[in-house]
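Engineer: These are the residues of each chain, in order.
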Amino acid sequence: MWRRFRRDRTGMVCAGVVLFFFALGLLAPVISRLYGKDPYTLYGQDRPGLLNEYGYPIKPNGGIDGEFWFGIEPILGRDVLTQLLYGIRTSLLIALAVTVATVVTAIVLGVAAGYLGGRTDYLIGRTIDLLLAFPAQLFFIAFLPVVVALFVDPQDETPTYVRVLALIAVQWFLGWMGLARILRAQVLSLREREFIEAAKLSGASPWRIIHKELLPNLVTPILVQATLMLPNFVTAEAGLSFLGVGMVEPTPDWGRMFAIGAKVYQNDLTYMFFPGVAMVVFIVAFNLLGDSIRDAFDPRTTR
Amino acid sequence: MLRFLVRRTLGAIVILLLISAFTFFLFYAVPRDPALLACGKNCDSESVALIRHNMGLDDPIPVQYWEYMSGIVTGRDFAAGSCPAPCLGYSFDDSAPVWDTLVDRFPTTLSLALGGGAVFLTVGLGAGLIAAWKRGTWVDKTFSSLSLVLSSMQIYFVGPLVLALLVYNNEILGQPSYVPFTENPVEWFSGLLIPWCVLSVIFTANYTRMARATMIEQLQEEHVRMARAKGMSGRTVFFRYAWRGSLIPIVTIFGVDMGSLFGGAIITEATFALPGLGTLAVDSVQELDLPMTMGVMLFAATMIVIFNIIVDATYALIDPRVRLS
Numbered sequence: 001m002w003r004r005f006r007r008d009r010t011g012m013v014c015a016g017v018v019l020f021f022f023a024l025g026l027l028a029p030v031i032s033r034l035y036g037k038d039p040y041t042l043y044g045q046d047r048p049g050l051l052n053e054y055g056y057p058i059k060p061n062g063g064i065d066g067e068f069w070f071g072i073e074p075i076l077g078r079d080v081l082t083q084l085l086y087g088i089r090t091s092l093l094i095a096l097a098v099t100v101a102t103v104v105t106a107i108v109l110g111v112a113a114g115y116l117g118g119r120t121d122y123l124i125g126r127t128i129d130l131l132l133a134f135p136a137q138l139f140f141i142a143f144l145p146v147v148v149a150l151f152v153d154p155q156d157e158t159p160t161y162v163r164v165l166a167l168i169a170v171q172w173f174l175g176w177m178g179l180a181r182i183l184r185a186q187v188l189s190l191r192e193r194e195f196i197e198a199a200k201l202s203g204a205s206p207w208r209i210i211h212k213e214l215l216p217n218l219v220t221p222i223l224v225q226a227t228l229m230l231p232n233f234v235t236a237e238a239g240l241s242f243l244g245v246g247m248v249e250p251t252p253d254w255g256r257m258f259a260i261g262a263k264v265y266q267n268d269l270t271y272m273f274f275p276g277v278a279m280v281v282f283i284v285a286f287n288l289l290g291d292s293i294r295d296a297f298d299p300r301t302t303r
Numbered sequence: 001m002l003r004f005l006v007r008r009t010l011g012a013i014v015i016l017l018l019i020s021a022f023t024f025f026l027f028y029a030v031p032r033d034p035a036l037l038a039c040g041k042n043c044d045s046e047s048v049a050l051i052r053h054n055m056g057l058d059d060p061i062p063v064q065y066w067e068y069m070s071g072i073v074t075g076r077d078f079a080a081g082s083c084p085a086p087c088l089g090y091s092f093d094d095s096a097p098v099w100d101t102l103v104d105r106f107p108t109t110l111s112l113a114l115g116g117g118a119v120f121l122t123v124g125l126g127a128g129l130i131a132a133w134k135r136g137t138w139v140d141k142t143f144s145s146l147s148l149v150l151s152s153m154q155i156y157f158v159g160p161l162v163l164a165l166l167v168y169n170n171e172i173l174g175q176p177s178y179v180p181f182t183e184n185p186v187e188w189f190s191g192l193l194i195p196w197c198v199l200s201v202i203f204t205a206n207y208t209r210m211a212r213a214t215m216i217e218q219l220q221e222e223h224v225r226m227a228r229a230k231g232m233s234g235r236t237v238f239f240r241y242a243w244r245g246s247l248i249p250i251v252t253i254f255g256v257d258m259g260s261l262f263g264g265a266i267i268t269e270a271t272f273a274l275p276g277l278g279t280l281a282v283d284s285v286q287e288l289d290l291p292m293t294m295g296v297m298l299f300a301a302t303m304i305v306i307f308n309i310i311v312d313a314t315y316a317l318i319d320p321r322v323r324l325s
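Chains as they are written, first to last, in the UniProt record's numbering: chain B, 1 to 303; chain A, 1 to 325.
Chain B on its own, in the form it takes in the complex:
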């Protein structure tokens, strides 16, 4: 499997790109220290000569120069490179957490529905049908404040970690159904196979059968689906922040950079260029990686 993947050149390049993005997120503090800036200081306001009287960078192309590699943010005058690094960090952290939570839920419920059958299967199946009829994006927008308000008194300042948890919770709530359905179908067909029968006859407990016989056979769909899911969670979270209901100032966030970009694009298009191109590269690489992983696991698929 690994050898097959190694031979897939596109897959290897994309895996490299994806790892690079995760490394950027992970090492954001180190990189910004080496680079000598942080995402919070308002350089443009502290130092004259960077922003003009309307709050836009004086130098061409969004104020890109030897000091500010990706330019400076209009109006507030923060450094774009560190903003982007820390933004990627926030977004990837949330997307990873949602993916893990979703996959675990999908495994538990999907395997339970498929293996136990009967009333459990019916109940989980109907729950999935119900949740699939929810308008997802609308649900996220409407329930983010609700989830936040459950933990924090509206009069108080909302701590950042509560916002992060709320973002994870709402996306998790409507995210697990697809994979759970796939796993249920897989388990249903696996359940009838001889090796499960043999394990049952030799007196293995249901837990042991699920753990030792079923789960190893489910690794492929889980891994493939998880790689396809993660970029969707990244863009969904970015979309929420773009709409102004996700992460709020001053926490740097990938999606919120687009919200600022949409406000200033008439005068400073360069600002949006870096987060935008970074996101396209990331999503393309991740999608291609998903295809390559599927091909590596299942050589029969033709592209």
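Honestly, the hints are just simulated from the structure, not real lab data.
All values derive from a computational prediction rather than experimental measurement.
All residues carry an ideal CB built from backbone N, CA and C; glycine is no exception.
One should not assume that every hint holds.
[Unchecked claim] Among the chain B residues that face chain A by a calculated CB cut under 7 Å, a handful are:
{"no.": "1", "residue": "127"}
{"no.": "2", "residue": "131"}
{"no.": "3", "residue": "133"}
{"no.": "4", "residue": "138"}
{"no.": "5", "residue": "142"}
{"no.": "6", "residue": "276"}
Model the placement of chain A on the given structure of chain B, informed by the hints.
Structural biologist: Below, chain A without anything else, positioned relative to chain B:
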């Protein structure tokens, strides 16, 4: 067919009831007092109590839910006046009836969804069919990689980019806006052209990929091979035989996409500042306007279940082997 429709409609009503109940209870679990919000500043406890009573907020939540739901069917009488049949309550923000606001905003969303749908369906299907027809050639490869890159674009990135290029720097088109079709069809078209195209950017790729894959699959099917063996021309086989079988997955995703678009294309509407259901939802959430949020939510969910039924019914029309059950 009729039995199928009746059964599915009943199922849809059950799902909608559950969604509404879930939404309602969660909303009212929020520790915020809507009456206090409606009252505004300089508000004493007496007038808060009065407003709470007028809004029906002093009843227990299940009672409130029952009143809300029966209001949709029969209308409701508030202290301020009566609210006719599909009554979804009044906005906390501007006291307008929620139903009227929804009806007012829906044409924008409808125009956006129909026009966008027309664009991404034709472009996506066309590109997919051409790619399948020219399988393995450079045309196929170009289309496939183009659709991969385009599908990785985001509306909030492409939108401002297109606006900057076409509207502000070159003034080829005007700022996107919504003009009712009945008022001025030309302005309706030109005002929505950019949003349609940008909306299509992210949807098209899905159709291209799906159309290409299913067409290639269909071309290897027995009945297609049979038609070929009988000596039919490649074009007849392609458009008469293979095409039909590849429609089912397309219809499925098209129905799902339209269902969600009819409930508001939130990010597109926000990017181009179009006054549709999506922007209504975002605004009402930020204003803590619970009846309005609830109304948009129910409306959008209704659209999704209606389109699910339409999709399932269409299967039978396309493929006579499918039995409705």
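Engineer: Confirm or reject each hint.
Structural biologist: Going through the hints against the structure:
1. Taken as an interface hint, residue 127/B does not check out: its beta carbon lies about 10 Å from the nearest beta carbon of chain A, beyond 7 Å.
2. The closest approach between the C-beta of residue 131/B and any C-beta of chain A is roughly 9 Å, which is over the 7 Å cut-off, so the hint fails.
3. A hinted interface residue such as residue 133/B counts as satisfied when its beta carbon comes closer than 7 Å to some beta carbon of chain A; here the least separation is about 5 Å, so the hint holds.
4. At a threshold of 7 Å, the smallest CB-CB gap from residue 138/B to chain A is about 5 Å, leaving the interface hint in force.
5. Taken as an interface hint, residue 142/B checks out: its beta carbon lies about 5 Å from the nearest beta carbon of chain A, inside 7 Å.
6. Hint on residue 276/B holds. Least Cβ distance to chain A is approximately 4 Å, under the 7 Å limit.
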